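K.L.:
Each chain, written out:
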Amino acid sequence: MSDLSGPAPVLALGGAAFDGYVRVAEEPLRAMFTLRGDLSAKALKNAATGLAAVDMPGQGQVALNGEHCIAWMSPDELLVMTPWDEHAKALGQLDATLTDPALNYTDVSQARALFSLSGPDGLVREVAAKLAPVDLSPAAFPAGSFRRSRIGQVSAAIWMPAPGRIEVVCFRSVADYVFTLLRDAARPGSEVGLFG
Amino acid sequence: MLLLECPCCGQRGEETEFHCGGEAHITREGPGADDAAFENYMFERVNPKGVHLERWRHVHGCGKWFHAARDSATLEVFGTYAAATHRPPEELLETIRAKRPGFKWRELA
Chain U
1 MSDLSGPAPV LALGGAAFDG YVRVAEEPLR AMFTLRGDLS AKALKNAATG
51 LAAVDMPGQG QVALNGEHCI AWMSPDELLV MTPWDEHAKA LGQLDATLTD
101 PALNYTDVSQ ARALFSLSGP DGLVREVAAK LAPVDLSPAA FPAGSFRRSR
151 IGQVSAAIWM PAPGRIEVVC FRSVADYVFT LLRDAARPGS EVGLFG
Chain W
1 MLLLECPCCG QRGEETEFHC GGEAHITREG PGADDAAFEN YMFERVNPKG
51 VHLERWRHVH GCGKWFHAAR DSATLEVFGT YAAATHRPPE ELLETIRAKR
101 PGFKWRELA
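These protein sequences, in sequence, are chains U and W.
Going by UniProt numbering, the first sequence opens with residue 1, and the numbers climb by one from there.
Going by UniProt numbering, the second sequence opens with residue 1, and the numbers climb by one from there.
What the hints contain is simulated information worked out from the structure, not anything from laboratory work.
Computed from a prediction, not measured in an experiment: that's the story for all the values here.
Be aware that one or more of the hints could be misleading.
What the hints assert, rightly or not - Here chain U is said to cover these stretches of chain W; the calculated rule only asks that three of the stretch's residues, wherever they fall, bring their Cβ under 8 Å from a Cβ of chain U:
# : stretch
1 : 13-26
2 : 58-70
Unchecked claim - Only some residues are given here: those of chain W computed to face chain U with a beta carbon under 10 Å:
# : residue
3 : Cys-8
4 : Gly-10
5 : Tyr-81
Claimed, not checked - Taking lysine-lysine and the DSS-like style, the derived pairs with C-alpha atoms no more than 30 Å apart in a straight line are:
#  : chain 1 : residue 1 : chain 2 : residue 2
6  : W       : Lys-49    : W       : Lys-99
7  : U       : Lys-130   : W       : Lys-64
8  : W       : Lys-64    : U       : Lys-45
9  : U       : Lys-42    : W       : Lys-64
10 : U       : Lys-89    : U       : Lys-45
11 : W       : Lys-49    : W       : Lys-64
12 : W       : Lys-104   : W       : Lys-49
Note that beta-carbon positions come from the ideal geometry of N, C-alpha and C, so glycine has one too.
Let's have the full structure, built from the sequences with the hints guiding it.
P.N.:
Right under this line is the structure:
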């Protein structure tokens, strides 16, 4: 499905980073696949867990193991990520597992931009909470939570791999917009102290 | 501000994460319908002050359509329910009757 003989993929913003009161950084390329179908179907579960080597996440959750993860996107959609160097292998694996026409996948690796916010837990939550209409308090959004929402005016997904770190994925076409918003929200002197 | 809970993904969000799809439970008249029925389907909408039933889409979230029952004056949301249904679930109607005694919305009461 993907032409690997083309030019080498480049990041949307060339790995831009900003050190504010939390660090905002564009993350290195990851292989990302959208899997669509009945989430209780064995073949779909096998395809996802086979790639990421983690268990299936619950509703509104992400199952993580380093750069490998499975995120629950909607009642019939998963987002599976692996390190970029496993991209070609993953494509072959998905083609072999998802033979049922009602279960399918799309390679969205180069359709997305991925950012991270890292720093003290409360401040990282605060920067994300400035931009998304989501309750990001530690009680409502513990590590392992996954939430699709909006950042400013565009759709994005936010999840928390570990305390003190939030990852954000958005469409690549709006990468610059999202990075600018995140950078602005993390500007030193603009701390709110919302989460202590 | 409306606080809606998407019945498909279980996320609770405020209205900017969603998109309103207009009045709920409208029968789509086909080519065999008479003019009056088609006009009713095409143009006639209620605009109540009080209980209102609408279609909503979780546009920045899971992307699914659903129904919501709310008060157009106070913005209280009574509940949300699945898209694939012709009328609200009975429990939701009970909730609305308890909170707004004597309410009437089209043929529902």
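K.L.:
If a hint holds in the structure, say so; if it doesn't, say that too.
P.N.:
For each hint, the structure was consulted:
1. For the stretch 13-26 of chain W, the stated coverage by chain U holds: 4 residues have a C-beta nearer than 8 Å to a C-beta of that chain, and at least 3 were required.
2. A stretch counts as covered by a chain when three or more of its residues have a beta carbon under 8 Å from one of that chain; for the stretch 58-70 of chain W and chain U the count is 6, and the coverage holds.
3. The beta carbon of W/Cys-8 is positioned within 10 Å of a beta carbon in chain U (closest approach about 5 Å), and the interface hint is therefore held.
4. Taking 10 Å as the C-beta contact cut-off toward chain U, the hint placing W/Gly-10 at the interface holds, the least distance being around 6 Å.
5. Among the interface hints, the one on W/Tyr-81 is violated; its C-beta lies about 15 Å from the nearest C-beta in chain U, farther than the 10 Å criterion.
6. Under the criterion of a C-alpha separation no larger than 30 Å, the hint pairing W/Lys-49 with W/Lys-99 is consistent with the structure, at around 15 Å.
7. A C-alpha spacing of about 26 Å is found between U/Lys-130 and W/Lys-64, which places the hinted pair at or below 30 Å, so the restraint holds.
8. The suggested pairing of W/Lys-64 with U/Lys-45 holds, with an alpha-carbon distance near 22 Å, which does not exceed 30 Å.
9. Restraint check for U/Lys-42 and W/Lys-64: the C-alpha separation of about 23 Å stays at or below 30 Å, so the hint holds.
10. Taken as a hint, the U/Lys-89 and U/Lys-45 pair is honoured in the structure, with Cα atoms around 18 Å apart against an allowance of 30 Å.
11. The straight-line distance between the Cα atoms of W/Lys-49 and W/Lys-64 is roughly 27 Å, inside the 30 Å bound, and the hint therefore holds.
12. A threshold of 30 Å between alpha carbons decides the hint, and for W/Lys-104 with W/Lys-49 the separation of about 11 Å falls inside it, so the pair holds.
Consistency with the previously given hints fails for number 5 only.
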